[in-house]
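*Asks:* Since the structure of chain A is already known, use the hints to place chain B on it.
Listed in order, the protein sequences are those of chains A and B.
If you read the first sequence in the working numbering, its first letter stands for residue 2, the second for the next number, and so on.
If you read the second sequence in the working numbering, its first letter stands for residue 2, the second for the next number, and so on.
Any given hint could turn out to be false.
A pair counts as met if it fits within one copy or between any two copies, since identical chains are not told apart.
[To be verified] Listed below are the simulated DSS-like cross-link pairs for lysine-lysine, each with C-alpha atoms no more than 25 Å apart in a straight line:
1. K200 - K3
2. K60 - K78
3. K165 - K145
4. K156 - K78
Bear in mind the hints are in silico, worked out from the structure with no lab data behind them.
2 protein chains.
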Amino acid sequence: MKKAVCLLSGGLDSTVTAAIAKSKGYRIYALTFDYGQRHRREIESAKKVARYLKASEHKILKIDLAQIGGSALTDKKIKVPKGKAYAQIKASKEIPVTYVPARNTILLSFALAYAEVVGADVIFIGANHMDYSGYPDCRPQYYKAYQRMANLATKRAVQGTEIKVEYPIIELDKKAIVKRGIRLKAPLHLTWSCYSGGKKACGRCDSCVLRLNGFKEAGIEDPVEYESQ
Amino acid sequence: MKKAVCLLSGGLDSTVTAAIAKSKGYRIYALTFDYGQRHRREIESAKKVARYLKASEHKILKIDLAQIGGSALTDKKIKVPKGKAYAQIKASKEIPVTYVPARNTILLSFALAYAEVVGADVIFIGANHMDYSGYPDCRPQYYKAYQRMANLATKRAVQGTEIKVEYPIIELDKKAIVKRGIRLKAPLHLTWSCYSGGKKACGRCDSCVLRLNGFKEAGIEDPVEYESQ
Numbered sequence: 002m003k004k005a006v007c008l009l010s011g012g013l014d015s016t017v018t019a020a021i022a023k024s025k026g027y028r029i030y031a032l033t034f035d036y037g038q039r040h041r042r043e044i045e046s047a048k049k050v051a052r053y054l055k056a057s058e059h060k061i062l063k064i065d066l067a068q069i070g071g072s073a074l075t076d077k078k079i080k081v082p083k084g085k086a087y088a089q090i091k092a093s094k095e096i097p098v099t100y101v102p103a104r105n106t107i108l109l110s111f112a113l114a115y116a117e118v119v120g121a122d123v124i125f126i127g128a129n130h131m132d133y134s135g136y137p138d139c140r141p142q143y144y145k146a147y148q149r150m151a152n153l154a155t156k157r158a159v160q161g162t163e164i165k166v167e168y169p170i171i172e173l174d175k176k177a178i179v180k181r182g183i184r185l186k187a188p189l190h191l192t193w194s195c196y197s198g199g200k201k202a203c204g205r206c207d208s209c210v211l212r213l214n215g216f217k218e219a220g221i222e223d224p225v226e227y228e229s230q
Numbered sequence: 002m003k004k005a006v007c008l009l010s011g012g013l014d015s016t017v018t019a020a021i022a023k024s025k026g027y028r029i030y031a032l033t034f035d036y037g038q039r040h041r042r043e044i045e046s047a048k049k050v051a052r053y054l055k056a057s058e059h060k061i062l063k064i065d066l067a068q069i070g071g072s073a074l075t076d077k078k079i080k081v082p083k084g085k086a087y088a089q090i091k092a093s094k095e096i097p098v099t100y101v102p103a104r105n106t107i108l109l110s111f112a113l114a115y116a117e118v119v120g121a122d123v124i125f126i127g128a129n130h131m132d133y134s135g136y137p138d139c140r141p142q143y144y145k146a147y148q149r150m151a152n153l154a155t156k157r158a159v160q161g162t163e164i165k166v167e168y169p170i171i172e173l174d175k176k177a178i179v180k181r182g183i184r185l186k187a188p189l190h191l192t193w194s195c196y197s198g199g200k201k202a203c204g205r206c207d208s209c210v211l212r213l214n215g216f217k218e219a220g221i222e223d224p225v226e227y228e229s230q
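For reference, chain A alone in the conformation it holds in the complex:
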């Protein structure tokens, strides 16, 4: 059985992506980052999802992006925006304040190291650019360039074994991601998407708004609990 490193945040997108890797027959090496995010509840979700998908290993790496800052997700002085309507988020060409500088580049780099150590052939990442087209590191051309760089970066690559980067949901919107998840029996009930740090999902941050709309459009009830509005 081939091995795949799956970047698993505990959110909807990475969970569906890991379920895709599983459905393709890979042994899963889940990799989660404790990067000073406000929504630490995600990490607990990632643990449950990894167990559910019978991951061979689940590594939780502590990296302190808060020391670098520059994002509403890692810097307490920058407010997480709330209450924007779905259409407005989708239509926005601006890069949101929840963009974390070079985040996917950093996460993929650890995934590359981890893939090299465990001997994985593929790294799965649940990026998608349909909802947040503003995030530069969620675009297909970025992943193509990353792949080319990765092919020159490691011992395995030099010795002739490529480590591939797969981003299977990059062209899907939230509705399609929910549907794919349901079809693959992904544990959507264990996921956590809210940017705020509450006990229940807030239902109002960008991430909740996009998620709720995705479930609504898919005609499926979101199994996670929300604060009463």
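*Replies:* Leaving out everything else, chain B in the frame of chain A:
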């Protein structure tokens, strides 16, 4: 004054590279990693070098590469090789056990994030492939690919400002690096290259052997202290 992020390990190569950045008129934002390396003495050297070069800021980031392992520098179960002759190290086509999986990719990714947050235009890295031709992430073609990826990865890049990666000593051998350092009045006396964790440099690990030989060929006495042989 333009800003440059300088990756500063505290070793000879990164110190000379930072001195090059300084000589080109950049304001220096030094970035050092506390990555579970055995030779932690390096970090103290980095602090002294950053002060000496009047860095505008010196960030020391804790990242736990030991959790990933796979290298003699981060895994205590893998022995650091000692006593290899200079010619043998230079001639070796093998990737040494001191190779840390995807290390430069990880370090550059944090540098990219840091550069974006402080508004730096350049990242300086003191990689060179003359001595350790075996390290895949010390080759010019790797840096070219990294640069292409970086140009797609960040908010600044999307908005039209490139963050350049400079690797000015990549073609130099240790003799030339020592000479360049002397010419630029780089604080070579504050640097630390030894892979072992002792109070004085061991004089026998690959890194010490290469360094000592570089000083010898340059006709300059190494200002750091070594264990008596």
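*Asks:* Take the hints in turn and mark each one as holding or not.
*Replies:* Quick rundown of the hints versus the structure:
1. Proximity of K200 to K3 under the C-alpha cut-off of 25 Å is found in neither arrangement, the shortest distances being 37 Å within a copy and 45 Å between copies.
2. With identical chains, the CA atoms of K60 and K78 are at most 25 Å apart between copies only, with a shortest distance of 19 Å across copies and 30 Å within one.
3. In the homo-oligomer, the alpha carbons of K165 and K145 lie at most 25 Å apart both inside one protomer (10 Å) and across protomers (19 Å), since each shortest distance falls under that limit.
4. Proximity of K156 and K78 under a CA criterion of 25 Å is satisfied inter-copy only: 20 Å between copies versus 41 Å inside one chain copy.
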